[in-house]
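Take these sequences, add in the hints, and give me the full structure.
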Amino acid sequence: MVYIESWDDFVEKSVQLFRSDPEKTRYAMKYRHCDGKLVLKVTDDRECIKFKTDQAQDAKKMEKFNNIFFTLMARGPDGNVLAHYCLSSSCLYLGIRVNRNSEFRCNAVNTDISEGGGKEQVEAQAPRRGRGRKQ
Amino acid sequence: MVRLQPDPFLNELTNMFERTTEKGSVWVTLKHSSDKSKVKRNKMKTAGEKIEFKCLIRATDGKKTISTMVGPKDHQRFQWSYATILKARMTALKKRERKDKRKTADSDKKQDLKKQSKPSN
Numbered sequence: 001m002v003y004i005e006s007w008d009d010f011v012e013k014s015v016q017l018f019r020s021d022p023e024k025t026r027y028a029m030k031y032r033h034c035d036g037k038l039v040l041k042v043t044d045d046r047e048c049i050k051f052k053t054d055q056a057q058d059a060k061k062m063e064k065f066n067n068i069f070f071t072l073m074a075r076g077p078d079g080n081v082l083a084h085y086c087l088s089s090s091c092l093y094l095g096i097r098v099n100r101n102s103e104f105r106c107n108a109v110n111t112d113i114s115e116g117g118g119k120e121q122v123e124a125q126a127p128r129r130g131r132g133r134k135q
Numbered sequence: 001m002v003r004l005q006p007d008p009f010l011n012e013l014t015n016m017f018e019r020t021t022e023k024g025s026v027w028v029t030l031k032h033s034s035d036k037s038k039v040k041r042n043k044m045k046t047a048g049e050k051i052e053f054k055c056l057i058r059a060t061d062g063k064k065t066i067s068t069m070v071g072p073k074d075h076q077r078f079q080w081s082y083a084t085i086l087k088a089r090m091t092a093l094k095k096r097e098r099k100d101k102r103k104t105a106d107s108d109k110k111q112d113l114k115k116q117s118k119p120s121n
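Chains as they are written, first to last, in the UniProt record's numbering: chain R, 1 to 135; chain G, 1 to 121.
It is worth saying that the hints were derived from the structure and are not from the lab. Some hints here could point you the wrong way.
Here are the simulated EDC-like pairs of lysine to aspartate or glutamate, each with C-alpha atoms no more than 16 Å apart in a straight line [what the hints assert, rightly or not]:
hint : chain 1 : residue 1 : chain 2 : residue 2
1    : R       : Lys-52    : R       : Asp-9
2    : G       : Lys-31    : R       : Asp-44
3    : G       : Lys-40    : R       : Glu-23
4    : R       : Lys-37    : G       : Glu-22
5    : G       : Lys-45    : R       : Glu-23
6    : G       : Lys-95    : R       : Asp-35
Derived coverage of chain R by chain G (criterion: at least 3 residues anywhere in the stretch with Cβ under 8 Å from a Cβ of chain G; other residues may be distant) [unchecked claim]:
hint : stretch
7    : 16–28
8    : 64–77
Every residue, glycine too, gets a C-beta built ideally from N, C-alpha and C.
Listed below in structure tokens is the structure:
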């Protein structure tokens, strides 16, 4: 059981694990209200990584992480998925990128977790604008 | 293990969170699954049939376990409802203490400045 200190490392390694073995990898979350603790675990039954916290801000990060994994697991590891962290507003927008030139107007961190290549024709969703510049 | 539809699953998940407020934990597990046995999957592979994958979600409070399957078309709606439940229920986590730390750091700085200015007089 390896506890990872850095959130970004945890996210990156989890996605790598999933992509390396989508059939075996699972993501488990444990929440204890009485202790105020949250533990996330991602494992493929060979390697295991964990992240524990008692901070409310990490719960928000976890929500975004959940969205990444929901998409990966429902659609499969082959889709081109761009996880869009909309930092200016509290909502999370998960966009499905059809081509490499699509723009997102929010000033946010774009974590590209796609593997490159494989331009599948996935239904494009209208990009939601964040609280950036008004056009 | 009770297999439910996505909406009853969410209701039951909310109840689980309510029950475990004083004592206990809630585990939620996500997995990429086709809901078919390995034998059947291998047969389908050799036959060239496309295997449909979904997201299997399980939740337990240590005593009761519930599960549901969410496909690619309804996963966005499900993840939005799921996020709403989590936001409403995960209230026991600590809020940020940065503001308090900043206040104490600022007051310390002010005290240091005062001390430095005094000996010059």
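ask   = Looking back at the hints listed earlier, which ones does the structure fail to meet?
value = none
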